[in-house]
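Chains as they are written, first to last, in UniProt numbering: chain A, 1 to 577; chain B, 1 to 577.
If you are wondering where the hints come from, they were derived from the structure by calculation, not from laboratory data. Honestly, I wouldn't trust all of these hints.
Each pair may be met inside one copy or between any two copies, as identical chains are not told apart.
[As the list claims (entries may be wrong)] Heads up, simulated DSBU-like pairs for lysine-lysine below, C-alpha to C-alpha not over 30 Å straight-line: (1) LYS290 x LYS67; (2) LYS220 x LYS290; (3) LYS112 x LYS138.
There are 2 protein chains.
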Amino acid sequence: MRHNFLSAFIQIRLKTYLAILCILFVCTFYWGLLSLKPFTQHSQIKNRQLKFKYWEWICDPNSQQCKRRIPGIVSFGTSLSTCLMTCGPVQIWPLPTGTLSLSRNTFSFNHKQIKTNIITSHKRVEEKLIKCLQLLKKNIEVIDREEDGGLLENEVIVTVTVTGSINDVRYMLNTDETYRLLISKNISTINVAIHALTYLGARHGLETLSQLIWRDDESKCLKIIDKAVIHDSPYFTYRGLLLDTKHQHIPLRAIYRTLDGMAMNKLNVFHWYLPYSRYTGYTNSEVYTKDDVRAVTEYADLRGIRVSVEIDTANHTGFEIDYGDSTPCNTPPRESSCSVLPCENTNSTKSNTTRVVSEKYTDFLNLTGSDFIHIGGEFSDAVDSRCQNQSSEVTKTEYKNNGLVLDSYVGNTTGSHGGNIKHFIVWSKSFDSNNLNSSTTIIQSRVESLWNELERFANEKFRVIVSHRDKWYLDKLPHWTTVYRHRPWADLEMSLRDYALGGEACVWTHTIDEHSMDTLMWPQAAALAERLWSDPEDHLDGVMTRLSTQRERMVSRGIDASVLGPKWCLQNPNECN
Amino acid sequence: MRHNFLSAFIQIRLKTYLAILCILFVCTFYWGLLSLKPFTQHSQIKNRQLKFKYWEWICDPNSQQCKRRIPGIVSFGTSLSTCLMTCGPVQIWPLPTGTLSLSRNTFSFNHKQIKTNIITSHKRVEEKLIKCLQLLKKNIEVIDREEDGGLLENEVIVTVTVTGSINDVRYMLNTDETYRLLISKNISTINVAIHALTYLGARHGLETLSQLIWRDDESKCLKIIDKAVIHDSPYFTYRGLLLDTKHQHIPLRAIYRTLDGMAMNKLNVFHWYLPYSRYTGYTNSEVYTKDDVRAVTEYADLRGIRVSVEIDTANHTGFEIDYGDSTPCNTPPRESSCSVLPCENTNSTKSNTTRVVSEKYTDFLNLTGSDFIHIGGEFSDAVDSRCQNQSSEVTKTEYKNNGLVLDSYVGNTTGSHGGNIKHFIVWSKSFDSNNLNSSTTIIQSRVESLWNELERFANEKFRVIVSHRDKWYLDKLPHWTTVYRHRPWADLEMSLRDYALGGEACVWTHTIDEHSMDTLMWPQAAALAERLWSDPEDHLDGVMTRLSTQRERMVSRGIDASVLGPKWCLQNPNECN
Numbered sequence: 001m002r003h004n005f006l007s008a009f010i011q012i013r014l015k016t017y018l019a020i021l022c023i024l025f026v027c028t029f030y031w032g033l034l035s036l037k038p039f040t041q042h043s044q045i046k047n048r049q050l051k052f053k054y055w056e057w058i059c060d061p062n063s064q065q066c067k068r069r070i071p072g073i074v075s076f077g078t079s080l081s082t083c084l085m086t087c088g089p090v091q092i093w094p095l096p097t098g099t100l101s102l103s104r105n106t107f108s109f110n111h112k113q114i115k116t117n118i119i120t121s122h123k124r125v126e127e128k129l130i131k132c133l134q135l136l137k138k139n140i141e142v143i144d145r146e147e148d149g150g151l152l153e154n155e156v157i158v159t160v161t162v163t164g165s166i167n168d169v170r171y172m173l174n175t176d177e178t179y180r181l182l183i184s185k186n187i188s189t190i191n192v193a194i195h196a197l198t199y200l201g202a203r204h205g206l207e208t209l210s211q212l213i214w215r216d217d218e219s220k221c222l223k224i225i226d227k228a229v230i231h232d233s234p235y236f237t238y239r240g241l242l243l244d245t246k247h248q249h250i251p252l253r254a255i256y257r258t259l260d261g262m263a264m265n266k267l268n269v270f271h272w273y274l275p276y277s278r279y280t281g282y283t284n285s286e287v288y289t290k291d292d293v294r295a296v297t298e299y300a301d302l303r304g305i306r307v308s309v310e311i312d313t314a315n316h317t318g319f320e321i322d323y324g325d326s327t328p329c330n331t332p333p334r335e336s337s338c339s340v341l342p343c344e345n346t347n348s349t350k351s352n353t354t355r356v357v358s359e360k361y362t363d364f365l366n367l368t369g370s371d372f373i374h375i376g377g378e379f380s381d382a383v384d385s386r387c388q389n390q391s392s393e394v395t396k397t398e399y400k401n402n403g404l405v406l407d408s409y410v411g412n413t414t415g416s417h418g419g420n421i422k423h424f425i426v427w428s429k430s431f432d433s434n435n436l437n438s439s440t441t442i443i444q445s446r447v448e449s450l451w452n453e454l455e456r457f458a459n460e461k462f463r464v465i466v467s468h469r470d471k472w473y474l475d476k477l478p479h480w481t482t483v484y485r486h487r488p489w490a491d492l493e494m495s496l497r498d499y500a501l502g503g504e505a506c507v508w509t510h511t512i513d514e515h516s517m518d519t520l521m522w523p524q525a526a527a528l529a530e531r532l533w534s535d536p537e538d539h540l541d542g543v544m545t546r547l548s549t550q551r552e553r554m555v556s557r558g559i560d561a562s563v564l565g566p567k568w569c570l571q572n573p574n575e576c577n
Numbered sequence: 001m002r003h004n005f006l007s008a009f010i011q012i013r014l015k016t017y018l019a020i021l022c023i024l025f026v027c028t029f030y031w032g033l034l035s036l037k038p039f040t041q042h043s044q045i046k047n048r049q050l051k052f053k054y055w056e057w058i059c060d061p062n063s064q065q066c067k068r069r070i071p072g073i074v075s076f077g078t079s080l081s082t083c084l085m086t087c088g089p090v091q092i093w094p095l096p097t098g099t100l101s102l103s104r105n106t107f108s109f110n111h112k113q114i115k116t117n118i119i120t121s122h123k124r125v126e127e128k129l130i131k132c133l134q135l136l137k138k139n140i141e142v143i144d145r146e147e148d149g150g151l152l153e154n155e156v157i158v159t160v161t162v163t164g165s166i167n168d169v170r171y172m173l174n175t176d177e178t179y180r181l182l183i184s185k186n187i188s189t190i191n192v193a194i195h196a197l198t199y200l201g202a203r204h205g206l207e208t209l210s211q212l213i214w215r216d217d218e219s220k221c222l223k224i225i226d227k228a229v230i231h232d233s234p235y236f237t238y239r240g241l242l243l244d245t246k247h248q249h250i251p252l253r254a255i256y257r258t259l260d261g262m263a264m265n266k267l268n269v270f271h272w273y274l275p276y277s278r279y280t281g282y283t284n285s286e287v288y289t290k291d292d293v294r295a296v297t298e299y300a301d302l303r304g305i306r307v308s309v310e311i312d313t314a315n316h317t318g319f320e321i322d323y324g325d326s327t328p329c330n331t332p333p334r335e336s337s338c339s340v341l342p343c344e345n346t347n348s349t350k351s352n353t354t355r356v357v358s359e360k361y362t363d364f365l366n367l368t369g370s371d372f373i374h375i376g377g378e379f380s381d382a383v384d385s386r387c388q389n390q391s392s393e394v395t396k397t398e399y400k401n402n403g404l405v406l407d408s409y410v411g412n413t414t415g416s417h418g419g420n421i422k423h424f425i426v427w428s429k430s431f432d433s434n435n436l437n438s439s440t441t442i443i444q445s446r447v448e449s450l451w452n453e454l455e456r457f458a459n460e461k462f463r464v465i466v467s468h469r470d471k472w473y474l475d476k477l478p479h480w481t482t483v484y485r486h487r488p489w490a491d492l493e494m495s496l497r498d499y500a501l502g503g504e505a506c507v508w509t510h511t512i513d514e515h516s517m518d519t520l521m522w523p524q525a526a527a528l529a530e531r532l533w534s535d536p537e538d539h540l541d542g543v544m545t546r547l548s549t550q551r552e553r554m555v556s557r558g559i560d561a562s563v564l565g566p567k568w569c570l571q572n573p574n575e576c577n
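So that you can see chain A by itself, here it is in the shape it has in the complex:
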């Protein structure tokens, strides 16, 4: 009897439980249906943290693309970020050039679980590596918003080894930038080993590592690819970005942001077009001081970037520098023809000019510690006619021959700096190349791409940096594919390829300032960065998705890079028109 009662009781309770379960199930299901109309549903939810998951993501095995679908009662998919990192093209930018093998499995951790080791016999390298690892942790911390995500016992141990013979951390034209990156897993530990010959190589390895780490929006913890072998080195030595801070004063915060973006894309020369004058600054805060140049140099050094300062010394200059008796004519500043004060010719035949210019160059070389210098240009064609009329000393012919003048400038500069300058860079169209020494001179070609200066100068044994204005002048708003697909060396004979030293994107700031520069600079400069690092074949398969991932990384680090397209198109690049 008692047994029967108990069994009946259990049966009733069982039925009640079942009924409750059913009701719960129906409620959940109905709520799921409701979510099909988010506009109605969301109005009740205040804090935008919806518990219901709209989408899950599956890696489509045929197309190797992430496809979204409505989650069922039990979810088998992943978050979009994790799907992107483990499906289809490898999400590294710029693409490594050597061995590249990545696992599709992931490992969860949080930013406090990163341990670091440094192995090197060079004090200066070690010092910089300590800072560089701190930077890596900081960049990872930014994306890891939850304090205690990940399993507590998990660890990521990063070991950086630099074995080369150079106790210098700065980029030179012959610096080896190669690195090897190995990731392996040992139960609850991820071991990351980065090996390089130089600080620069190690830094690049750490940059790549940071791209293999992301935040999973669902589990709210960091993830890392759990196995990887990457051997990587750049195709081109010189990978530059010019920022013009003369036509607009760009505050240091924006210069630092630009250097951050460059480091993320392994660009290695910051060509700083700098005013040497109070005349361009309209207010007291619009000037750069020596301390500013030092600070920018230090910030850049840590990020594997060489600062290369260019100041105007020829006929874009004038009373911004005290030339004594060397300004050849008494015309008022030619404000109109160069749109910033001052514009004036100098008389390069006077020894005083050489002295003054060499002094300035020496100043900047001491500040930036560079082994090359940008001489500028604007010599040949732009002699002010008013000036020619006034001074018989200055003629067009004289300016045409100023290869000699350049040599005298640089000759003196070398002396002042203790023989350290091995190379100087000069804009093309500035000179008669017959007078220049091809072993020391590098020419930066800034003509339209169809002119093919690269081949001409390579035949004359000059090394060339390409900055074709129709392709790589970012202020002219080229589409990122225009920047990316341009391969000026495509038709160059193999024997001449070595003369192509690299390329440089230029940002002239006539109508750009700190507020708009990020948008116009990125991700276009990132597109050039991959062209110069990896020089991939001319197709765009998977490139847009990968560049878009890189763009998201840049945005997460505070850079206002442009978006490449609607999300659906980024996921399905071949299906959008």
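With chain A fixed as given, assemble chain B onto it according to the hints.
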């Protein structure tokens, strides 16, 4: 004896004083000379607050331009900001259309010295004016960084009077936007009187007032023009900006920023191209809720802006809205052809479609309180061929005739909303205008400007909003002068002018998102704002300087508007190439 001693003592002290003064003078002078070489000088100065003044500014009486010069021992010039506000063109944007008389004298105060009065018999108007005056104070506080600048006894008293008969604060197509602004001075008090018939007029007056107030960088206090008479009202009623939040999700913070920019330029319709679906949002945070629409509407109302929501209901839609049996074919979402999910045709012959669409329209009208609605478009040409093959009910002919369909949509909507809809807006090229009622329909012309739809529709007695894609689609990056100089009504007969209701700048966001939108939107949309408010003659004298001042105001309020040129060119617009 004592007298002599005293006199000798005084003489010695006098000499000492003179000597000290001389030394001081020489030091000051030498320091002044040194400042000619700021690069060298500044390296010692840490906090960028240089005491030495680089420039002072003088209003050149001939050119009416601010000219800079090196200050002498005694300075007679002013700061750049004060020179700009008191020399040359009036720095108001958009330019007032009636009486305009401004003193060139200034009055110093700080933001705590502003007192306000409101005179109106309408409760709702008073409530909004209180908030609007708070907003004015907040905007002024932003630029007044010093706490206690200005003379303590100075006061600025702002009195706003609204005398019209309408107890509504929202913009309708027939709202009177006229205002009068008077500034007068009474010893240590500035009296500002703003008079208008509506809240909107009063708000515009306060906006203009905020443009007559600036911060003087030297005295570090606020300044205001001390006498002014301004009568102002817009040429065109409808001055819109379309923001597409479907191709990219634009977070509310960026929408608010856009509304701030619109208010500063007296634009009055925010055309919100809104997704009605969870399908466009890839993550849970990328959706808008009803609360969001309400919040945006409230934010806009305060700033004199009407929110006009457009959702896709024809063949850019599909399973984002539950049409029951009204989707005519079972094709998968046409993702590729419209680049956002979903794209599908609806069958407008089924009564269910009409019911569903009317319901959505009613929803939005209730949320935004608008008296007009944007019907969208994309009817005539874009019927999916896959769909046509599957369903005999849907043919191109049927879509061509859908003026009737629109009428039935709107007819039903009117019913649901209590007879409040007097006007609906439809994209041109969407329909056969024979079937439309010109007394209720407004056509938004989005063709190339050479098509001259304005004249054609005006002849058919339709009111027209111009959005020529080659001129006013801001995502196509037109130069601000292209936007500004376009006057589609220039050749229209006077009798037809009234059919030109206004214009709208469009920002389609295929490759624009919150990070790049400010730069591409401003100041181009500001250029359109003046075209629509003031419709000035086609010359650019002084316009660049004035727009540049407006751009600086926008930047100071947190909008990343593009810069128009190097500062020297902005000061000397005719001398730059």
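Consistency of the hints with the structure:
1. LYS290 x LYS67: between (53 Å within a copy, 29 Å between copies)
2. LYS220 x LYS290: between (45 Å within a copy, 28 Å between copies)
3. LYS112 x LYS138: Close inside one copy (11 Å), not across copies (41 Å); limit 30 Å.
Hint compliance for this structure: every hint is met.
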